[in-house]
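Whole structure, please, built from the sequences with the hints as guidance.
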Amino acid sequence: MSAHEHTETHEHGGPKVFAVTLAALLILTVITVYVASFDLGNINVVAAIAIATVKATLVALIFMHLRHDKPVNAVIAISGFLFLGLLLMFCLTDIMARNNPVPATLKVPVKAAAPAPAPVAEHH
Amino acid sequence: MSSPATAIDHTHHDPTLQHHFSTKEQQFDTSKIGMWLFLTTEILMFGGLFVGFGLMQGKFPEAFLQAHHHLDKSLGALNTIVLLVSSFTMVMAVWAASKSKQKQLITYLFITLVCAGIFLVVKYFEYSHKFHEGLLPGRFYHHAGDTVPGQFMFFSFYFMMTGLHGFHILGGMVVITWLLIRAMKGHFNANYYTPVDLVGLYWHLVDMIWIYLFPLLYLIQ
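Protein sequence lines, in the order shown, are assigned to chains A and B. Note that the numbering used here has the first sequence beginning at 1, numbered continuously upward. Note that the numbering used here has the second sequence beginning at 1, numbered continuously upward.
Listed next, the stretches of chain B that the computed footprint assigns to chain A, with coverage defined by at least 3 CB atoms under 8 Å from CB atoms of chain A: (1) 24 to 35; (2) 86 to 95; (3) 205 to 213.
The list that follows gives simulated cross-link-like pairs (lysine-lysine, DSS-like), each with its CA atoms no further than 27 Å apart: (4) A:70 - B:24; (5) B:32 - A:16; (6) B:24 - B:103; (7) A:70 - B:101; (8) A:70 - B:99; (9) A:16 - B:99; (10) A:70 - A:16; (11) A:16 - B:101.
Don't read these hints as lab results, they were simulated from the structure. Yeah, the Cβ is synthetic: ideal placement off N, Cα and C, and Gly gets one too.
Shown next as structure tokens:
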């Protein structure tokens, strides 16, 4: 914050800030690809989403000017993600309360070469 | 403010200030709030697909893992870089417009448009490869030699998500072209550049969605 306080006008960032942000985004992309090359189990997904969220936050704060913008815009943006969280939460509680959620299209024959270990449900 | 000044304001008023707004700032802020509300509906539209993807991947991890090996990671990474660069040039276009830098505005808008084009060309090669191999959504899936069943589910999500995103890129190209034409006519300057700012917001959101799509579709383990 304090590093960029020298600008006397009410600036929404300048070319320098944007270039540094782009560099950070590109580095984070390289890191995502690098991390994905290791098999870390469940940590892979967590790391991928965490890095993507850092990147998205950088885009929102600097490229989309939310850092200096009127707070109402940030409130609107965050409300979108809150409702998305609500959607995810209720879908998860629903799906975890069921025994076997099978998409209807799974009846379509899939070339089953071998008795695969995939949890294809036995429907009746 | 003296009354003669307001009288002049009413007769020769700023053509970019619509009569139902008191000030330019109010007009700008109102437009921006409207844009953010629209972007929120976009987040929710894509959010539904992301939630569905997450649930199905959790239920059929082997099928999704096997299916994602058909995607070309390097092409996905290339498109990520292209979109990030285009986001940078877009924000630079907004900055140039806010500083009345006409030439830079046109240049940056043009580079953004070119990046969007590159993205779609890469996407075209990816899609045609998948069409060729029968890696298609739902009942159209007919890839030979699968050992893990249910991979069509991954491609249902893949085509829905990247397809919807692709249409957003296409729509972005249309509005950026419109901006480019208006910029060349000299419509934008420090006094008025709301359309550039709002299209910029849209373009960054499209970039942001790809930021999530790339690791989830191409890099899952």
